[in-house]
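Given the sequences, and given the hints that come with them, work out the whole structure.
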Amino acid sequence: MLFSSSAKRASFETVHLDFESGTFEGWSVKRLAGPHSAVIQSEIVRVGTRACRFELRPGDYVSEGHRAELRDPFNARWEEEVWYGFASLLPPEHFGSGEIGCVLAQWHDQAKLGDPSGKPPIALRFKGGRLRVTGAYGKFASDDPDRRYEFASVPDFALGAWHDFVFRVFWSRHGDSEIEAWLDRERLFEWRGPLAYENEAEGPYFKLGAYWSLPGATPCVVYHDNYSRGRDYAEVDPSVLHAG
Numbered sequence: 001m002l003f004s005s006s007a008k009r010a011s012f013e014t015v016h017l018d019f020e021s022g023t024f025e026g027w028s029v030k031r032l033a034g035p036h037s038a039v040i041q042s043e044i045v046r047v048g049t050r051a052c053r054f055e056l057r058p059g060d061y062v063s064e065g066h067r068a069e070l071r072d073p074f075n076a077r078w079e080e081e082v083w084y085g086f087a088s089l090l091p092p093e094h095f096g097s098g099e100i101g102c103v104l105a106q107w108h109d110q111a112k113l114g115d116p117s118g119k120p121p122i123a124l125r126f127k128g129g130r131l132r133v134t135g136a137y138g139k140f141a142s143d144d145p146d147r148r149y150e151f152a153s154v155p156d157f158a159l160g161a162w163h164d165f166v167f168r169v170f171w172s173r174h175g176d177s178e179i180e181a182w183l184d185r186e187r188l189f190e191w192r193g194p195l196a197y198e199n200e201a202e203g204p205y206f207k208l209g210a211y212w213s214l215p216g217a218t219p220c221v222v223y224h225d226n227y228s229r230g231r232d233y234a235e236v237d238p239s240v241l242h243a244g
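Mapping the sequence shown onto the working numbering, position 114 (from 1) lands on 114, and the numbers just tick up by one.
There are no misleading hints in this set.
Quick list of the computed label-pair ranges, beta carbon to beta carbon:
no., residue 1, residue 2, range
1, Asp176, Gly34, 37 to 47 Å
2, Arg185, Gly129, 13 to 23 Å
3, Phe12, Ser239, 15 to 25 Å
4, Glu190, Thr218, 28 to 38 Å
5, Tyr233, Ser11, 11 to 21 Å
6, Ile40, His174, 38 to 48 Å
7, Gly59, Lys127, 15 to 25 Å
8, Pro58, Asp143, 14 to 24 Å
Each computed DSSO-like pair below joins lysine-lysine, with the alpha-carbon atoms no more than 27 Å apart:
no., residue 1, residue 2
9, Lys112, Lys30
10, Lys30, Lys119
11, Lys139, Lys112
12, Lys119, Lys139
13, Lys127, Lys30
No wet-lab data here; the hints were simulated from the structure.
Note that CB positions come from ideal geometry on N, CA and C, so glycine has one too.
Below, the structure is given as structure tokens:
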């Protein structure tokens with residue numbers, strides 16, 4: 001485990017946005033094109049009784065992109081550690097062709113109004129049977145960042161099954177950030193280095209759902225469940241129903 005992050009008490013409260021209430025309370029819903037974009041349902045769930053079904057259709061364009069995403073309104077603070085956890089399921093009937101890549105989750109930079117945004121500092125991507133975790137860094141936010149990263153690559157990623165993701169991120173604006181990631185309780189990778197964009201005063205925020213850089217010809221459907229943000233693994237473990 002990496003240890004450069006501060007041991008001081010976190011400035012935020014732990015949250016569990018697990019869809020068990022049957023509402024999107026706690027989420028920002030402005031990145032949904034329509035009622036079909038995110039539906040809380042009870043047929044396919046990781047834990048508890050409800051999960052969210054995201055559907056991204058070829059004509060869905062909102063917030064300057066092809067997306068069906070929920071946002072955690074929280075912006076990470078620089079020089080602070082945050083743990084994130086969630087579960088995802090990719091139905092094989094919607095991911096069999098592998099022609100179009102889909103971003104399943106991303107930590108997006110927070111640009112000032114009027115300033116350009118950059119590539120996501122961390123993103124979870126699926127294409128052609130392969131899951132990748134990518135990242136970016138720059139002195140200034142840009143679509144062509146100073147550095148691009150591939151933190152992990154998982155070939156033959158199983159479709160039709162729930163997968164649990166846990167990330168520990170120490171966000172540093174000018175120094176070295178840290179990432180530790182687990183997939184289905186197994187260590188996926190650990191990494192240390194410059195991350196995100198030094199010109200941005202606010203830290204990144206988290207989004208969950210489905211995003212296309214280029215629109216697909218047929219709808220993309222993905223299920224997500226049991227998102228948590230907290231201060232250690234136990235607080236965000238996607239295999240545990242934390243509230244309710």
